[in-house]
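Hints are included, so try docking the two chains, each in its own frame, into the full complex.
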Amino acid sequence: DQQVKQNSPSLSVQEGRISILNCDYTNSMFDYFLWYKKYPAEGPTFLISISSIKDKNEDGRFTVFLNKSAKHLSLHIVPSQPGDSAVYFCAASAQGGTSYGKLTFGQGTILTVHP
Amino acid sequence: GAVVSQHPSRVICKSGTSVKIECRSLDFQATTMFWYRQFPKQSLMLMATSNEGSKATYEQGVEKDKFLINHASLTLSTLTVTSAHPEDSSFYICSARDARGASTDTQYFGPGTRLTVL
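Heads up: the protein sequence lines correspond to chains A and B, in order.
Counting along the first sequence from 1, when you hit position 26 you're at 26 in my numbering, and nothing is skipped either side.
Counting along the second sequence from 1, when you hit position 38 you're at 1038 in my numbering, and nothing is skipped either side.
Source of the hints: derived by calculation from the structure; they are not laboratory data.
Mixed in with the good hints there might be a few duds.
[What the hints assert, rightly or not] 35 Å max Cα-Cα, derived DSBU-like pairs, lysine-lysine:
id, chain 1, residue 1, chain 2, residue 2
1, A, 37, B, 1014
2, A, 71, B, 1014
3, A, 38, B, 1066
4, B, 1041, A, 68
5, B, 1041, A, 71
6, A, 38, B, 1041
7, A, 38, B, 1014
8, B, 1055, A, 37
9, A, 102, B, 1064
10, B, 1014, B, 1066
11, B, 1020, A, 38
12, B, 1014, A, 102
13, A, 5, B, 1064
14, B, 1064, A, 38
15, B, 1020, A, 5
16, B, 1055, A, 71
17, A, 102, B, 1066
18, B, 1064, A, 71
19, A, 56, A, 102
20, A, 37, B, 1041
This structure is a prediction, so every number in the text was calculated from the model and none was measured.
Chain B extracted, bound-state conformation (with noise of 0.2 Å):
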């Protein structure tokens, strides 16, 4: 149980366009979901928390109206990146809380979405 999905899995595109990415909880309802971008070598750092029906809360530094997330239900969130530049290329990964269990703060990961601006 506890898997998450993402798609694509790899994504390249022109400089100037927007690119959305999708992250679903397969097994479990989710209604926490976190962005995270990982660059090479470093640590995942936390972009914004997704709560359903309601809207996203950014971490410092992290630009909403570039990064534009939704979640729509239970078990899927959307990250859209708009007007997007060659320094947003980088591998973002997303997560699902999972609240059934006694555990609540343990999140299952995505396999994560390389994007590449050109």
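Bound conformation, chain A alone (with noise of 0.2 Å):
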């Protein structure tokens, strides 16, 4: 059961245009949640968030949306640079319960920037 998806396995942009990495998530439960990059055999490198209390938080050239009714929210990444490219994971958590703390990700987007 995957609770939070990204539909996209790759994604490919030119350098100094709009990147947009997108995630779904099935829980209704889930009210946090992270973005993070990762390059190859290194761990997650924690990029931005957001409280479901929020539709928008920004941070540079990083803006994360939220959109609770469609359960969906989305990274957006501008401008694009070649040191962008990697795995980007969509992750969320429940703060309530027993789950709390819980990350629960994404299968990945590839991102590839080129110059």
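Have a look at this one:
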């Protein structure tokens, strides 16, 4: 049962353009969402997060949008840079109950930014 | 801030032996640490939640007697793979939750440990 889904396994973007990575979730108990960037054979690096009480959070070139009614979130990177090329994971957690703190990850999207 | 280290980064062992992996939070205290496993080209799968001073909570399907977790201090958790078999070969990653900030659900990850069982 894949509760967090990233339906695009890969995305290719030209340098300077916008990269949009998408993520869908099914568990309505999720109320905190995070994006991580990962290189091969390394641990994920935290990028940006958003609480369910917000619909947008921005940090430099990274913006995360949350649409609760659609159970959908997206990460926008603008402008994209070749150094952004990596695997991007969407993750979600539920603050209440025994699931507190546990992250459920999507399958990841490989982003390639071409010079 | 929020740096997590893992040791070793890579280990090769013989089938039947045990391997210990350490996870340390370097600049913050982590009452909770998490252990994940990642197979090639797949997502991170949570194995267990490690709480300082108490028993770990294992996810369904994870053998607690095979994957021993000890969280003896606020900065150290260890994962011991006992009687390792080739199917245990994987990339093991730990994370720690920094409880200092407002976003207590943000986890910071270690660099991972590549385990190869021959």
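Would you pick out the hints that fail for this structure and give their numbers low to high?
Hint 2 contradicted; others consistent.
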